[in-house]
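> Once you've looked at the hints, dock chain H against the given chain A.
Here is what each chain is made of, one letter per residue.
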Amino acid sequence: MRQTLFRLALTSLAMTLLGLSAPALAQLSIEITGAGTNRMPIAIADFAGDSVVSQALTAVIRADLDHSGQFSLIDPGATPLSETTQVNYSDWNSRGADALVTGSVTTTPDGRYETRFLLYDIQKQAPLGGQAFISSSAQLRATAHRVSDFIYQKLTGVAGIFSTRIAYVVKSTGRYELQIADADGANAQTALASREPIISPTWSPDGTHLAYVSFEAKKPIVYVHSLATGRRHVVANFKGSNSAPAWSPDGKQLAVVLSKDGGSQMYLINADGSGVKRLAHSSGIDTEPRFSPDGQWIYFTSDRGGSPQIYRMPATGGDAERITFQGNYNVTPRISPDGKSMAYIARTDGRFQVALMDLATKQTQILTDTSRDESPSFAPNGRMIIYATEINGRGVLATVSIDGSIKQTLSVQAADVREPAWGPFVK
Amino acid sequence: MRKLLFAAAVSLLLAACGSQPPAPEQTGAGAAGSAQSAARNGAQSQAVSSDKLDMTSLAALKDPRSILSKRSIYFDFNQYVIKDEYQPLIEAHARFLIANPTMKMLIQGNTDERGSREYNVALGQKRADVLKKALQLLGVKEDQLEAVSLGEEKPRNPGHDEAAWAENRRDDMLYSGEY
Numbered sequence: 001m002r003q004t005l006f007r008l009a010l011t012s013l014a015m016t017l018l019g020l021s022a023p024a025l026a027q028l029s030i031e032i033t034g035a036g037t038n039r040m041p042i043a044i045a046d047f048a049g050d051s052v053v054s055q056a057l058t059a060v061i062r063a064d065l066d067h068s069g070q071f072s073l074i075d076p077g078a079t080p081l082s083e084t085t086q087v088n089y090s091d092w093n094s095r096g097a098d099a100l101v102t103g104s105v106t107t108t109p110d111g112r113y114e115t116r117f118l119l120y121d122i123q124k125q126a127p128l129g130g131q132a133f134i135s136s137s138a139q140l141r142a143t144a145h146r147v148s149d150f151i152y153q154k155l156t157g158v159a160g161i162f163s164t165r166i167a168y169v170v171k172s173t174g175r176y177e178l179q180i181a182d183a184d185g186a187n188a189q190t191a192l193a194s195r196e197p198i199i200s201p202t203w204s205p206d207g208t209h210l211a212y213v214s215f216e217a218k219k220p221i222v223y224v225h226s227l228a229t230g231r232r233h234v235v236a237n238f239k240g241s242n243s244a245p246a247w248s249p250d251g252k253q254l255a256v257v258l259s260k261d262g263g264s265q266m267y268l269i270n271a272d273g274s275g276v277k278r279l280a281h282s283s284g285i286d287t288e289p290r291f292s293p294d295g296q297w298i299y300f301t302s303d304r305g306g307s308p309q310i311y312r313m314p315a316t317g318g319d320a321e322r323i324t325f326q327g328n329y330n331v332t333p334r335i336s337p338d339g340k341s342m343a344y345i346a347r348t349d350g351r352f353q354v355a356l357m358d359l360a361t362k363q364t365q366i367l368t369d370t371s372r373d374e375s376p377s378f379a380p381n382g383r384m385i386i387y388a389t390e391i392n393g394r395g396v397l398a399t400v401s402i403d404g405s406i407k408q409t410l411s412v413q414a415a416d417v418r419e420p421a422w423g424p425f426v427k
Numbered sequence: 428m429r430k431l432l433f434a435a436a437v438s439l440l441l442a443a444c445g446s447q448p449p450a451p452e453q454t455g456a457g458a459a460g461s462a463q464s465a466a467r468n469g470a471q472s473q474a475v476s477s478d479k480l481d482m483t484s485l486a487a488l489k490d491p492r493s494i495l496s497k498r499s500i501y502f503d504f505n506q507y508v509i510k511d512e513y514q515p516l517i518e519a520h521a522r523f524l525i526a527n528p529t530m531k532m533l534i535q536g537n538t539d540e541r542g543s544r545e546y547n548v549a550l551g552q553k554r555a556d557v558l559k560k561a562l563q564l565l566g567v568k569e570d571q572l573e574a575v576s577l578g579e580e581k582p583r584n585p586g587h588d589e590a591a592w593a594e595n596r597r598d599d600m601l602y603s604g605e606y
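Residue numbers (our numbering), protein chains in the order written: chain A, 1 to 427; chain H, 428 to 606.
Hints listed in this document are in silico derivations from the structure and should not be mistaken for laboratory results. No false leads were mixed into what you were given.
Derived list of chain A stretches under chain H, where covered just means 3 residues or more per stretch with a C-beta under 8 angstroms from a C-beta of chain H:
#1 258 to 270
#2 329 to 342
#3 345 to 353
Note that CB positions come from ideal geometry on N, CA and C, so glycine has one too.
Just chain A, with the same shape it has in the complex (with noise of 0.2 angstroms):
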């Protein structure tokens, strides 16, 4: 992954035209909010071997756990642990710990690092597994997210997402970067910088490639930008605006907002921006179209009914069929990866919120105590969702649980933070 965007770096060095890609200057950085309420107790112990390295690892991994909101951390004490040595379970009970993770660090002949880590189960006296990675130093952190993401899966059940990916716009003063970070807001790195705007990018499903719709022409135009490369290519600049990309699950296709025959309407278009063809046809608004993750369905919000509602339509084509009736403003269907419910941003009292339906029971939940909420998006387990919102005036964006218990806030001193999306598992 860092090769990648180190590459990612070289390359865009070449595109003058909007003077790319650089390690960006100012960082993510988190603020928790809100904690889940039943936490549940781990230790994670200093590794054995180069201390300085177990430090930055075991720092990288407590952090990840604690962010989750899902756990708390049991002092482990100064004495490193490795993997090898025998654990005292009722000393690590007495302690207060339900789960403990040992480890060591060593230097390899050729100059990179093994890690080895074994995740014990306190209460029931047995080791529940564990792994060994070679990294470089430059992959350290990257080696840390996936131990986190082994624990996390071991010990709640559901994947992890340490080792993913968000993306999402800074703008400051004259100034607009499409920026993509890890999960925690570390390793920022500038994939396009503009005068202009920068909306909506999405992930492309196998995370290689981003949509975003570009201000730069004074109109929007859709493009895709591979993050391998840093090249892009134009998938919808037609008459009118061009916006609101959305992939298929496939990766082939987009659904896109076209205006060229009039009114916002929705369109497909492969992801090489050739054969574009309608896919529906109404007097008003239609946009923010979104697939299920099973490709059955795009859902999209239109104000056919006189209000802005989420609607559902058949993706190959046919009748929409309405899913929100709470209210008079309700936007940016966002569908989780188990297609079971929908985030959205439902208006009330003139407050715009994150909420959550619950596709089946058409049960609805507002998961936000923000106001100024904005396009939600799911992380890839599904127990997520990132948004941007305003606090004390500025941009920010902000995690929520699908409960609403676990909070936290991400942002950049001195400038807006907004339009996140977060990416798919990495492979």
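This is chain H only, laid out in the frame that chain A set:
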């Protein structure tokens, strides 16, 4: 509107006959020759009359005395209906475009900052489309017009209150060379 169409037809007719001032003219100002004809227009309007402005000349687009220098119309919250007060402005721009058929206009629709960015792109598009349609009804050719949306992305007033929002719910009219 009927009167306007009549005036437009007369101006086209006069132009076709190669009539001389003071009637509106210079309908042949092409993209290539526009600088030249602009200069000619400027010279003529000075020579013919120093206080009477030729409302179809390129100079009139920027002259603060001309209604054509006004380029914005404003909308109510979440609305895309053109208010009556803008009808004279729209008619003036229609006359200009009819008199200058090689001139093109980019209509940029804008919204205030509230709500979804993409929905606001669509709302701004509605606002741009209604103006485009109004100009077409007045006789402007479709290929002279492009209606696009900037959504909430380019606020003229960066504030966060009703006064700022009202200023940002807007269509802007840009002519060839201005975008």
